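K.L.:
Take a look at the letters that make up each chain.
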Amino acid sequence: MTKHLKVKLLIVAALTALIAAALLATGPDKEPPPSGAGRVAVGGAR
Amino acid sequence: MSATSMRGPVPRWAEWAAQATMWCAIPSGIWRILFALRLPAGFTGSSDPDHVNFFFLLGYVSALTLLSEAAAFLSMGLVRSWGEIWPRWIPFLRGRRVHPLAAIIPAALGAAALMALWSGLVFGFETSDPELPHGGKLVVLYLCYLPLVAWGPLLAAVTVAYAVRRHRHG
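Protein chains in written order, with this note's numbering: chain A, 311 to 356; chain B, 97 to 266.
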């Protein structure tokens, strides 16, 4: 494997790690809020 | 065959630009594959990738990424000898001179298509759909796809350099 190819593979690996880290750092996927759902009062009705 | 066996010198900037086209699609390809590997990319609800067969999605995005890189690799032909003489493994045409227009027209059309497809990214993109990425995940998606904006202009520049060189040196 040539030196140039090794450097390119290293860059791709680093980019992969960076993007993966960014996706994980921004937290887990959150389910969208249900549309049109009424609010439920916690601790009793008004 | 090497660059030294080409007719006419390839400008250094054209060599770099051709190399750069291959890097334009890398970040988005990586993002796509990580998305298929179920990293939290911000798609939820009906857009959640869990609704799609894991191996099908992974195969699909991998093929898409390979296709993008193969297309980008063709740019290297504009700065390599195989863009002037058909390679030996190509039947019937092997060893023959590549007609300049056979390279210039597809490359120019490709550059135009890429610019039409990706230029809008310069203005950013945003979605109000809560099932699509937003916030930090949208920023990651945007940054991964932003290099694609450069692909079209880079290819156009390399195509012009190729056309000039072929016109001068045959």
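Warning: the hint list may mix true and false statements.
[Said to hold, decoys possible] Have a look at the derived ranges for each label pair, beta carbon to beta carbon:
{"hint": "1", "chain 1": "A", "residue 1": "Ala331", "chain 2": "B", "residue 2": "Leu197", "range": "41 to 49 Å"}
{"hint": "2", "chain 1": "A", "residue 1": "Ala331", "chain 2": "B", "residue 2": "His195", "range": "46 to 54 Å"}
{"hint": "3", "chain 1": "A", "residue 1": "Leu328", "chain 2": "B", "residue 2": "Ser158", "range": "13 to 21 Å"}
{"hint": "4", "chain 1": "B", "residue 1": "Arg134", "chain 2": "A", "residue 2": "Leu319", "range": "31 to 39 Å"}
{"hint": "5", "chain 1": "B", "residue 1": "Leu163", "chain 2": "A", "residue 2": "Lys318", "range": "16 to 24 Å"}
{"hint": "6", "chain 1": "B", "residue 1": "Pro202", "chain 2": "A", "residue 2": "Leu328", "range": "15 to 23 Å"}
{"hint": "7", "chain 1": "B", "residue 1": "Val260", "chain 2": "A", "residue 2": "Ile321", "range": "28 to 36 Å"}
{"hint": "8", "chain 1": "B", "residue 1": "Pro105", "chain 2": "A", "residue 2": "Lys318", "range": "22 to 30 Å"}
{"hint": "9", "chain 1": "A", "residue 1": "Leu320", "chain 2": "B", "residue 2": "Gly266", "range": "38 to 46 Å"}
{"hint": "10", "chain 1": "A", "residue 1": "Val317", "chain 2": "B", "residue 2": "Pro105", "range": "20 to 28 Å"}
{"hint": "11", "chain 1": "A", "residue 1": "Val322", "chain 2": "B", "residue 2": "Trp109", "range": "21 to 29 Å"}
[As the list claims (entries may be wrong)] Listed next, the in silico DSBU-like pairs over lysine-lysine satisfying Cα-Cα at most 35 Å (straight line):
{"hint": "12", "chain 1": "A", "residue 1": "Lys316", "chain 2": "B", "residue 2": "Lys233"}
{"hint": "13", "chain 1": "B", "residue 1": "Lys233", "chain 2": "A", "residue 2": "Lys318"}
{"hint": "14", "chain 1": "B", "residue 1": "Lys233", "chain 2": "A", "residue 2": "Lys340"}
Keep in mind that the hints were calculated from the coordinates and are not lab data. Note that the structure is a prediction, hence the values are computed from the model and not measured. Backbone N, C-alpha and C define an ideal beta-carbon position, used for all residues, glycine too.
K.L.:
Compare the structure with each hint and give your call.
P.N.:
Hint by hint, here is what the structure shows:
1. Ala331(A) x Leu197(B): 41 to 49 Å: holds, 46 Å
2. Ala331(A) x His195(B): 46 to 54 Å: holds, 48 Å
3. Leu328(A) x Ser158(B): 13 to 21 Å: holds, 20 Å
4. Arg134(B) x Leu319(A): 31 to 39 Å: violated, 24 Å
5. Leu163(B) x Lys318(A): 16 to 24 Å: The hinted range 16 to 24 Å holds for leucine 163(B) and lysine 318(A), with Cβ atoms some 19 Å apart.
6. Pro202(B) x Leu328(A): 15 to 23 Å: Taking Cβ atoms as reference, proline 202(B) and leucine 328(A) lie about 34 Å apart, which means the hint is violated.
7. Val260(B) x Ile321(A): 28 to 36 Å: Because 31 Å falls inside the window, the suggested range holds.
8. Pro105(B) x Lys318(A): 22 to 30 Å: The hint (22 to 30 Å, Cβ to Cβ) holds, given that proline 105(B) and lysine 318(A) are roughly 25 Å apart.
9. Leu320(A) x Gly266(B): 38 to 46 Å: The hint (38 to 46 Å, Cβ to Cβ) holds, given that leucine 320(A) and glycine 266(B) are roughly 40 Å apart.
10. Val317(A) x Pro105(B): 20 to 28 Å: holds, 25 Å
11. Val322(A) x Trp109(B): 21 to 29 Å: holds, 24 Å
12. Lys316(A) x Lys233(B): holds, 30 Å
13. Lys233(B) x Lys318(A): holds, 26 Å
14. Lys233(B) x Lys340(A): holds, 11 Å
Taken one by one, the earlier hints fail for this structure at numbers 4, 6, listed in ascending order.
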